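These protein sequences, in sequence, are chains A and B. Under the UniProt record's numbering, think of the first position of the first sequence as 1, with each following residue one higher. Under the UniProt record's numbering, think of the first position of the second sequence as 1, with each following residue one higher.
Some hints could be false.
When chains are identical, the list treats them as one kind, so a pair holds in a single copy or across two.
Taking lysine-lysine pairs in the DSSO-like style, the calculated list, with each CA pair at most 27 Å apart, reads [stated by the list, open to error]:
{"#": "1", "residue 1": "95", "residue 2": "7"}
{"#": "2", "residue 1": "7", "residue 2": "112"}
{"#": "3", "residue 1": "81", "residue 2": "36"}
{"#": "4", "residue 1": "21", "residue 2": "47"}
Honestly, the hints are just simulated from the structure, not real lab data. None of the values given here were measured: they were computed from a predicted structure.
Protein chains: 2
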Amino acid sequence: MEKLQQKILTEGIALSNTVLKVDRFLNHQIDPHLMKEIGEEFANRFKNEKLTKIVTLESSGIAPAVMTGLILDVPVIFARKKKSLTLTEGLITSKVYSYTKQETNDISISSKFLNKDDRVLIIDDFLANGQAALALIDIIAKAEAEAVGLGIVIEKAFQDGGELLRKKGYRVESLARIKSLENNTIQFINEEEKI
Amino acid sequence: MEKLQQKILTEGIALSNTVLKVDRFLNHQIDPHLMKEIGEEFANRFKNEKLTKIVTLESSGIAPAVMTGLILDVPVIFARKKKSLTLTEGLITSKVYSYTKQETNDISISSKFLNKDDRVLIIDDFLANGQAALALIDIIAKAEAEAVGLGIVIEKAFQDGGELLRKKGYRVESLARIKSLENNTIQFINEEEKI
């Protein structure tokens with residue numbers, strides 16, 4: 001997605017060889033128009049999949065997921081990282097190990113919102129090692145629903161999450177695929193190099 | 001907002017005299033079309049305020065805030081409850097005391113996204129005792145920006161946050177104002193009773 005790549009180049013910052021800061025339009029400040037275009041792009045790529053639900057993870061996945069859900073006319077569920085006071089019984093939970101934070105956290109979705117007839121699109125802001133995506137897939141499987149594919153805003157293609165998920169047979173659509181962040185330079189994988 | 005009130009009546013659950021569960025369309029599962037209509041309503045109410053930014057708090061405020069920002073053509077910033085790895089320097093922080101959880105938490109916004117020329121609309125899913133709203137107002141004041149008003153999806157009008165903020169002179173626009181949740185019955189304040 002050309003506009004997203006331009007935005008990453010002009011407003012993103014390669015903080016290290018593995019960390020890309022995009023807090024100017026995605027992770028802290030949000031550009032609503034870009035989110036709408038991202039939603040249109042995901043909706044277009046998955047429009048023939050007969051989706052019934054979109055699942056994301058709080059917080060940065062919510063804006064692109066809601067824009068996609070608006071166009072595809074399906075509800076969006078955001079998995080919670082923390083247990084809510086008003087959301088206690090009937091939770092489906094999975095564990096996410098964060099390499100960057102070196103800790104394991106539970107994420108949960110209320111079982112009443114997913115069932116065996118659901119065809120689910122997972123949307124998230126980043127794909128790195130795939131741990132969050134695998135936990136969402138695990139929750140969807142526990143609900144006996146089907147994870148139809150993943151819509152990722154930014155894939156760090158130099159980490160192994162994308163390969164891992166594609167090898168397992170999941171359709172992964174990433175709107176920007178980062179080849180490298182070395183030397184504080186953001187490099188993308190060109191379309192020709194696409195897996 | 002009639003449609004929102006109907007949604008609360010049909011899909012909301014009064015869990016106790018103070019807790020309203022709206023996880024079917026706002027707090028966990030999100031209805032994107034309703035969020036769009038909420039965004040249109042906020043945009044319409046604040047369209048003459050020359051807003052430059054919208055500020056909300058992760059996670060449930062993000063969807064209505066982004067829809068409002070899309071229509072008003074302004075960026076949305078979500079205050080973070082947890083410090084991010086890629087968001088460390090230049091934070092403006094304030095404390096929120098949660099009566100329900102009985103704990104104090106920091107919320108933060110990066111100082112680079114707010115400045116003295118900003119006219120800011122605060123959007124949040126709930127207004128109860130006003131602690132989160134006051135913390136956001138405090139952050140906006142520390143940035144020398146102006147908090148122009150508050151757009152609240154659901155105000156628990158039987159708690160004192162709304163009165164507190166209005167007495168301080170803030171314009172508070174709540175799309176649904178709950179009078180009471182007693183006896184597991186959701187009652188709204190009618191328009192005639194509006195402050």
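For each hint, the structure was consulted:
Within a single copy, residue 95 and residue 7 get their C-alpha atoms no closer than 32 Å, and across copies no closer than 33 Å, so neither meets the 27 Å cut-off. For the identical chains of this complex, residue 7 and residue 112 are inter-copy neighbours only, at 18 Å across copies versus 38 Å inside a copy, given an alpha-carbon limit of 27 Å. Proximity of residue 81 and residue 36 under a CA criterion of 27 Å is satisfied in both settings, with 25 Å inside one chain copy and 25 Å between copies. Proximity of residue 21 and residue 47 under a CA criterion of 27 Å is satisfied in neither setting, with 30 Å inside one chain copy and 32 Å between copies.
In this structure, the earlier hints numbered 1 and 4 are contradicted, and the remaining ones agree with it.
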